Amino acid sequence: MTSGTQAPQSVERRDFLKSMFASGALVIAAGVGADGLIQAQRANSSDQHQAENADAAGNGEAFRPNLWIAIHASGKIEIVAHRSEMGTGIRTSLPLVIADEMGADWADVTILQAIGDEDYGSQNTDGSRSVRRFFDIMRSAGATARILLCMVAARKWSAKVADCRTEDSFVIGPQAGQKLAFADLIEGAKVFDDLPASRITFKHPREWKYIGKETVRLYDLSDMLSGAGIYGADIKLDGMKTAVIWRTPTLRGEIESFDASEALKIPGVEKVIQLPSWHSLNPDAPAFLAWGGIAVIARNTWAALKGRDALKVKWKPGADESFSSHELMKEMTQTSQADGTLVRQDGDFAEAMKSATSSHEATYTVPFLAHASMEPPVAVARVSDGQCEVWAPTQNPQAAQQTLQQVLQIEDAEKIVVNVTLLGGGFGRKSKPDFIVEAALVSKMLGGTPVRVQWTREDDIRFDYYHTASAEHLKAGLDAKGKPQAWLQRSVFPAIGSTFSSMAVQGSGMELGLGFSDIPLDVPNIRCEVGKAKAPARIGWLRSVCHVFHAFAECSFTDELAHKAGRDPYEFLRELIGEPRIVDLSGVEKAFAYPNHGEPLEKFPVDTGRLRRALDTVAKQAGWGRALPKGRGLGIAVHRSFLSYVACCVEVEVERSGKVIIHRSDIVIDAGLVVNPDRVRAQIEGACVFGASLALYGDISMSNGSVDQGNFNDYQMTRMFDAPREVYATIIEAPDHPPAGVGEPGVPPYAPALCNAIFAATGKRVRELPLSKHDLSW
Amino acid sequence: MKINVNGSSHELGDVDPGTPLLWILRDELNMTGTKYGCGKGLCGACTLHVDGQPKRACTLRVDQVGSGKVTTIEGLSKAGDHAVQEAWQAGCVPQCGFCQPGQIMTAAALLTENKQPDDEDIDNAMSGNICRCGTYTRIRQAIKDAAYAMRNPLKAGAKGGSHD
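The listed protein sequences derive, respectively, from chains A and B.
Counting in our numbering, the first sequence runs from 1 upward without gaps.
Counting in our numbering, the second sequence runs from 1001 upward without gaps.
Just so you know, these hints were derived from the structure itself, not from any lab.
A hint or two may mislead.
As the list claims (entries may be wrong) - Computed cross-link-like contacts, DSS-like style, restricted to lysine-lysine with a CA-CA straight-line distance of at most 27 angstroms: (1) Lys190(A) with Lys156(A); (2) Lys265(A) with Lys1078(B); (3) Lys1002(B) with Lys312(A); (4) Lys236(A) with Lys1115(B); (5) Lys179(A) with Lys190(A); (6) Lys203(A) with Lys179(A); (7) Lys271(A) with Lys1040(B); (8) Lys773(A) with Lys1078(B); (9) Lys236(A) with Lys1002(B); (10) Lys603(A) with Lys1002(B); (11) Lys271(A) with Lys236(A).
Quantities reported herein were computed from a predicted structural model and do not represent experimental measurements.
Could you build all of it, start to finish, from the sequences and the hints given here?
This is how it looks when you write it as structure tokens:
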């Protein structure tokens, strides 16, 4: 072994990780990960896993080349999944990168779900960034294990390490018959505790067996089909109680008094306690704090629900009493008609308008939306003796850990263990740990009794962190051919920042960077502005965030301009995108610096060539231009988000009665290098349905400060009969580009493509979502 | 009170007879494959069979089950190999997976009644089950594949290949 083995042993895990993130190369940490692995096991506690866990826990037999991998003498290979599984397949996709790079046989792999621990780097599973942020790190982890195993084998064979390779959990040497199982090499490998980054080599992509192939099935598939998958509500601890919470219908409501006597008469109800409201803890903004309310604690769920129904509560609505989302929409629409704060300027919009032959303007609105994941929020907690352990379907276990530290006043993060279960959908809702905080507070107030806080569907719809409502105003100055030479767009919406600070009264550079300040059209004079809006609701982020309304407005407006010019919408949009080029974003104001989804523009530029290729691909695939009978239409849209390029074409039928039938949806994605093609297709197929739901029905309204909807009868989702009937999802081959986002980018172009199709079918332009508000009969 | 679930009789002891079957399964019998999604019979996540008929466990009082034979996702097949489960496997239908036990139970009941459902039959049978991830097209295809496999047992295992 080289002098690398002499590297200091006392370095903390997190320092290894830091250096790893900084350099993109992995440094080996010896003997780490055991805690994480042990804790991880509790979340997914099948018997088999527990047996493996015993091995991992005590006798040190496993070879642990780094935080992510343990190879056991039995041949079992454990790989840690540190991101949350909420339907993207990430619990399969990142581990398969490790397995491929190390040469492990997937059949030998057991996946362990990590607890929340900053040593893993970010575990915040949103922003469509799991693969793009961790692909290189996973490869490094796998490659390190491969090289260390090859070093042991090479020494035995007196061969060169470079002449050894791995396959199906064996190291294979240069001479015939030289073949040793990983499990037979781990004793030798354990002596190594460091590998300099310079010694790490990677497989050539043509050697990949799993990455980019269809060879690995979804790890949790069988469990999901047999009912064995463990989601948040499926955790059961000895002596565990169930709690449901009554919350004030308004965000700043206050409980004046309550009478629990009837509730306590219900068999099974054991206790009723009041939780502090978020505003009693932090008057400025709710952040991730629990809403507060009255918790009914019972022996079982049904008793808790009945007990809550039996509570008599006197409350007052507080400052939000008169808030109406209908009024807010009117105000925002007005705001969008007036000058706002400059976000981006190319050329001179006002000057260019003077020479325009004609102009066109339109205002688009999208209401508040709820996440409505199929699994309502739920968490299990046990808090006693200054220690806290929770089990939850969380997208962000570290945020949960940090918020619990703050709320429970536990200084030492290691005393708070956050176990991550499978998530029954997340869509951004489960990045917020408020429901986990509730469970911990209740357990603490009960003196350490384990408790599960179960949200009902009504709780979920009424106490969400909503996707924000918006008004977008667009105006174009057109030349004689109807092509825009001047382009103005204003974006008005209550900001996510308002959830964390009352000072946040307009969109930030982050939010405006979501498909607004980076508008990629080939127009010489562009002006982007933002306007103020305030709303007394918890604003959060929902799958694709502000891209939803920015893409809806921009992709609808380009379609309007095409029709105004008497042009084919696809051809017109293609011209507007222009020739392949990198979009110059130097016109973006410093105060709204373009974040590019957290990635450098050099690595992920805004590339109109890729945008146009996506558009061309979908047009060809969907048979753009084919003749359709009256009442049928095709609509097209394209949008870059989360560094990916997605185009969508929808074929719709609008019956004379106005009923909308979505016959066919074509969707294509250029996400650069793709790790798990089947799951990428699944994500963009699902995005069509998600997009159809929000376009057809999505509407959370608020009256007198409280949410009007409560369940799937009044907050509707598309179902089998009205969802897109045929969906054709295609991945554009772009393996030379680094991996980009997948979970969210399918959503933004869907609603505008659908509305553009409805216009083609009926001549009716919908500028206010949802469609269910409109009479589309003809 | 006794109920029969997946072929076994369970004495329930002291439970509120008005408790929905869903919570009896989950809280008393520790069978968590049947999911809570809405509590109002609106989403289908809790679908199971009583005497072969699909029912919403969240709105079905346990005292109305009587001597009915309850089948949950855990009891649909011994080894997760019901034709519907196999078709779901082959088509890799689930995303988050949470609604899938309910989807599978509804689909299995449909195929017991109707050996060759067309699109309209599938719409009618499945529209009570919401999938927020949006797996509907794969569910539709998997139902057709399962129907094909059930009609052609000798070819079953040759996955999919729906000619419907």
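> When you check the alpha-carbon spacing of Lys179(A) and Lys190(A), does it fall within 27 angstroms?
Replying inline: Answer holds: Lys179(A) to Lys190(A) is near 19 angstroms, not above 27 angstroms.
> Are Lys190(A) and Lys156(A) close enough, with their CA atoms no more than 27 angstroms apart?
Replying inline: holds, 15 angstroms
> Is Lys1002(B) close enough to Lys312(A), meaning Cα to Cα at most 27 angstroms?
Replying inline: violated, 35 angstroms
> Is it true that the CA of Lys203(A) sits at most 27 angstroms from the CA of Lys179(A)?
Replying inline: holds, 19 angstroms
> Given the proposed pairing of Lys236(A) with Lys1115(B), does the C-alpha separation stay at or below 27 angstroms?
Replying inline: violated, 39 angstroms
> When you check the alpha-carbon spacing of Lys265(A) and Lys1078(B), does it fall within 27 angstroms?
Replying inline: Status violated; Cα separation ~42 angstroms.
> Is Lys271(A) within 27 angstroms of Lys236(A), Cα to Cα?
Replying inline: holds, 20 angstroms
> Hey, Lys271(A) versus Lys1040(B), does the alpha-carbon distance stay inside 27 angstroms?
Replying inline: The given pair, whose Cα atoms are some 26 angstroms apart, holds under the 27 angstroms limit.
> Are the Cα atoms of Lys603(A) and Lys1002(B) separated by 27 angstroms or less?
Replying inline: violated, 64 angstroms
> Holds or violated: Lys236(A) with Lys1002(B), Cα cutoff 27 angstroms?
Replying inline: holds, 23 angstroms
>> Lys773(A) and Lys1078(B) were given as a pair; does the straight-line alpha-carbon distance stay at or below 27 angstroms?
In response: With Cα atoms ~48 angstroms apart, Lys773(A) and Lys1078(B) exceed 27 angstroms; violated.
Hints 2, 3, 4, 8 and 10, counting from the list given before, are not met by this structure.
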